[in-house]
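A.B. asks: For reference, the chains in residue letters:
Number of protein chains: 2
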Amino acid sequence: MDVENKQVKSYKKIVVLGGDGFCGWPTSLYLSNLGHDVVIIDNLSRRNIDNELEAESLTPIQPMGIRLTAWEEVSEKKIGFYNIDIAVEYDELLQIINKEQPNVIVHFAEQRSAPYSMKSPKHKRYTVNNNLNATHNVLCAIVDSGFDIHLVHLGTMGVYGYGTAGMKIPEGYLDIEVQTETGERVEQQILYPTNPGSIYHMTKSQDQLLFHYYNKNDNVRITDLHQGIVWGTNTRETKLDERLINRFDYDGDYGTVLNRFLMQASIGYPITVHGTGGQTRAFIHIQDTVRCIQLAIENPPHREEKVMIFNQMTETHQINDLARLVSEITGGEVAYVSNPRKEAAENDLHVENNLFLSKGLEPVTLDEGLFQEVTDVAKKYKHRADESKIPAKSTWTKEQQPGIPRGLTNK
Amino acid sequence: MDVENKQVKSYKKIVVLGGDGFCGWPTSLYLSNLGHDVVIIDNLSRRNIDNELEAESLTPIQPMGIRLTAWEEVSEKKIGFYNIDIAVEYDELLQIINKEQPNVIVHFAEQRSAPYSMKSPKHKRYTVNNNLNATHNVLCAIVDSGFDIHLVHLGTMGVYGYGTAGMKIPEGYLDIEVQTETGERVEQQILYPTNPGSIYHMTKSQDQLLFHYYNKNDNVRITDLHQGIVWGTNTRETKLDERLINRFDYDGDYGTVLNRFLMQASIGYPITVHGTGGQTRAFIHIQDTVRCIQLAIENPPHREEKVMIFNQMTETHQINDLARLVSEITGGEVAYVSNPRKEAAENDLHVENNLFLSKGLEPVTLDEGLFQEVTDVAKKYKHRADESKIPAKSTWTKEQQPGIPRGLTNK
Ligand SMILES: NC(=O)c1ccc[n+]([C@@H]2O[C@H](COP(=O)([O-])OP(=O)(O)OC[C@H]3O[C@@H](n4cnc5c(N)ncnc54)[C@H](O)[C@@H]3O)[C@@H](O)[C@H]2O)c1
Ligand SMILES: NC(=O)c1ccc[n+]([C@@H]2O[C@H](COP(=O)([O-])OP(=O)(O)OC[C@H]3O[C@@H](n4cnc5c(N)ncnc54)[C@H](O)[C@@H]3O)[C@@H](O)[C@H]2O)c1
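Order-wise, the sequence lines are chains A and B. Per our numbering, the very first residue in the first sequence carries number 11; after that it's consecutive. Per our numbering, the very first residue in the second sequence carries number 11; after that it's consecutive.
Bear in mind the hints are in silico, worked out from the structure with no lab data behind them. Any given hint might turn out to be false.
[As the list claims (entries may be wrong)] Some but not every residue of chain B turned toward chain A, in silico, with C-beta under 7 Å:
1) P131
2) V138
3) N139
4) N143
5) K178
6) I186
7) V188
8) E191
9) I200
10) S215
11) Q216
12) L219
[Claimed, not checked] Computed spacing ranges between beta-carbons, pair by pair:
13) K408(B) to E194(A): 36 to 42 Å
14) T192(B) to E197(A): 21 to 27 Å
15) K369(B) to R416(A): 49 to 55 Å
16) F157(B) to G156(A): 45 to 51 Å
17) E409(A) to K390(B): 56 to 62 Å
Beta carbons: idealized from backbone N, C-alpha and C, even for Gly.
Construct all of the structure, not just a fragment, from the sequences and the given hints.
C.D. replies: Encoded structure:
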């Protein structure tokens, strides 16, 4: 096979929770390719949500069985697979951990769409119930198993909220000064105070408290990656065979902003900017996501160390600028639609990401990757697009309007 | 009836979640007696936990039906009752809210014992699942119903953790200064950073994030009462008829420290102090709890106001001093046992509680109430005590020892 096989310090047994998902699948292949022994756990709930929403990945993703067979053919490496719901099937989760005895668990297995989490009471409740029980069960099972397992979790930049008073967002912790009753000023370090913007983001803030507690009480070693919005589709591994292709979501619920823009432009649909487009967000390419996970695995915290928090992003952009950029590459037209979210119309965003850079991350930049994404993915699979799935119909409150371009109906 | 009927500003429809519990029952009677229209929701899970632990309230509590009949006989007032699990039966909860259209919901319905929450993976998981889904369902149903309902929630002083660097614990929020990228110092107000000491306390920190979010996104009016350890048993209302008696827990899981000391002394069991006894904790008498709930109901936040947080406590004491005090009153002997919890051996605790004091709370103090508690409750019902239930057997980690006095066995 033609994938460069990087040297790794030591081979590990790694369980990837949510390994069928957009980030989890390329991560599993990447880690397997590095020589690690990878086992996936996933209940395929994301595919069921596709059924519920009557939406589909733009790219033709294969069933798990075909994905795993293709990987074995291409790489001569096996990846194991268990279909269980980690939020519900605790005993099964514990059994798998006891049997596989992983050194590392990478945890992607949560409902990750903010609009989906706001669709209805049912969706709010599902997100809270699924995400909190999933994360808590993993922590509880790690302690229950008695093994010293390093947990790597995917969090989001969105926990910080986007009003940070001109401050550079630090990596997880904030040093503050408080005044004692005797008038002295004392330094304290606190978890950076969060201000989540949706039910989904809120569950990630709540996850932080779970990590803090299990780290403090049981010395569980944890790395929490506060990830920006992931763009791009494929990695070196998923490009090796079409059966390994990664998902590309463009629907109003799961499509993330940049992928939506690319796909809208490719099929001649307006590039839909919510509100003024003055929102600034942090981004990272999927190829860098998998590399960051590797770096996190190779740099675990020590047994008595607090939760390690990295900001996993490489660039920040204003939504307006992104729309303009995509419009320039594709000739697509930009349409301003009403913002279905409740958020500040404009914000600055300055983020520290020194930890990953210091460990050798060399980011894929928008300049390089964007054009390729348009030709290799968006244009190539545009015949599979269903326009009616594009509008963002889920609103943050009953009073708000969905994000539908003028003249197009809300089907 | 001989209960003084205080003037209230306006009569309200009030739903009390967890109204069969130690705080919820006397609160329901107190509010009903004030003239409010009270409806209780409770799934009686606390009574089932008594069955599981093979433990019982020292005082003989009656089934709900008898309690409610007795109240009607004594007061000529009716209290409604629904037996549903608010963490699970969302549709039923919403139906009740739509039908009863309460102005206020008082939310006590959570698993509230720290030792119970640490007993085993099953108990940890139950506590997280029950408490977070319960609180989230209530918030979601309030928004879903479309009514402007004031939610009063019982939180705990324990979320703050007990290492506060000599600072006075403020009521919920902390003003901090952060430095911008241009070097300016900007004031920001944040939720006081929590440092919970058990799975139970952690769920209450997570509740705070739920409140913050629903307040921000949906303008739900919320008062969060950070309550100290409640002591005492009866209130004016529960004393009116023995069938109305409140519960008194003394077992190693649900018994809170002061009630346990009183009861241990009364039956000639050693007064068991965990560790050095250097821990300082905040206290409030049950009579003041019900009065604080009234004050919270009468002083709701406005529709656009942030979550109101009160510290609901009246005194702080070191555990050692309490043990000495109880020993002096009763002649009981103090025994130092190993601390089953993971916590600082000693701590200071200074708490702001100006909000309630400024609204007219006149606290019952330990000096007045303690002796009466010994004679009216602990000695009166000591024939019902089961000594084998006293030791605190639940430990915070597998390595720790239960709190059992020397010479007594761990049955
Ligand atoms: N995609 C992004 O832009 C982005 C940005 C920041 C953070 N993240 C985080 O990264 C993680 C992965 O995101 P993604 O884009 O790959 O999402 P995804 O939905 O594509 O993948 C999540 C996977 O987890 C599985 N899963 C969910 N609940 C489960 C359960 N209870 N038991 C077993 N499996 C379960 C799903 O079936 C799915 O395959 C998420 O936690 C997300 O919050 C993603
Ligand atoms: N007792 C204290 O010292 C103390 C101190 C600080 C805070 N608090 C808080 O006050 C509240 C009440 O405490 P308490 O001592 O009365 O506890 P309790 O256990 O006696 O009462 C809680 C009641 O809620 C009910 N309940 C629990 N989960 C439920 C669910 N899912 N659906 C319906 N009903 C449910 C139980 O059956 C019980 O009757 C708790 O939230 C607790 O955290 C108590």
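A.B. asks: With reference to the structure, classify each hint as holding or not holding.
C.D. replies: Do the hints match the structure? See the list:
{"no.": "1", "hint": "P131", "result": "holds (5 Å)"}
{"no.": "2", "hint": "V138", "result": "holds (5 Å)"}
{"no.": "3", "hint": "N139", "result": "holds (6 Å)"}
{"no.": "4", "hint": "N143", "result": "holds (6 Å)"}
{"no.": "5", "hint": "K178", "result": "holds (5 Å)"}
{"no.": "6", "hint": "I186", "result": "holds (5 Å)"}
{"no.": "7", "hint": "V188", "result": "holds (5 Å)"}
{"no.": "8", "hint": "E191", "result": "holds (5 Å)"}
{"no.": "9", "hint": "I200", "result": "holds (4 Å)"}
{"no.": "10", "hint": "S215", "result": "holds (5 Å)"}
{"no.": "11", "hint": "Q216", "result": "holds (5 Å)"}
{"no.": "12", "hint": "L219", "result": "holds (5 Å)"}
{"no.": "13", "hint": "K408(B) to E194(A): 36 to 42 Å", "result": "holds (39 Å)"}
{"no.": "14", "hint": "T192(B) to E197(A): 21 to 27 Å", "result": "holds (22 Å)"}
{"no.": "15", "hint": "K369(B) to R416(A): 49 to 55 Å", "result": "holds (53 Å)"}
{"no.": "16", "hint": "F157(B) to G156(A): 45 to 51 Å", "result": "holds (49 Å)"}
{"no.": "17", "hint": "E409(A) to K390(B): 56 to 62 Å", "result": "holds (57 Å)"}
Violated hints for the displayed structure: none, as all numbered hints are satisfied.
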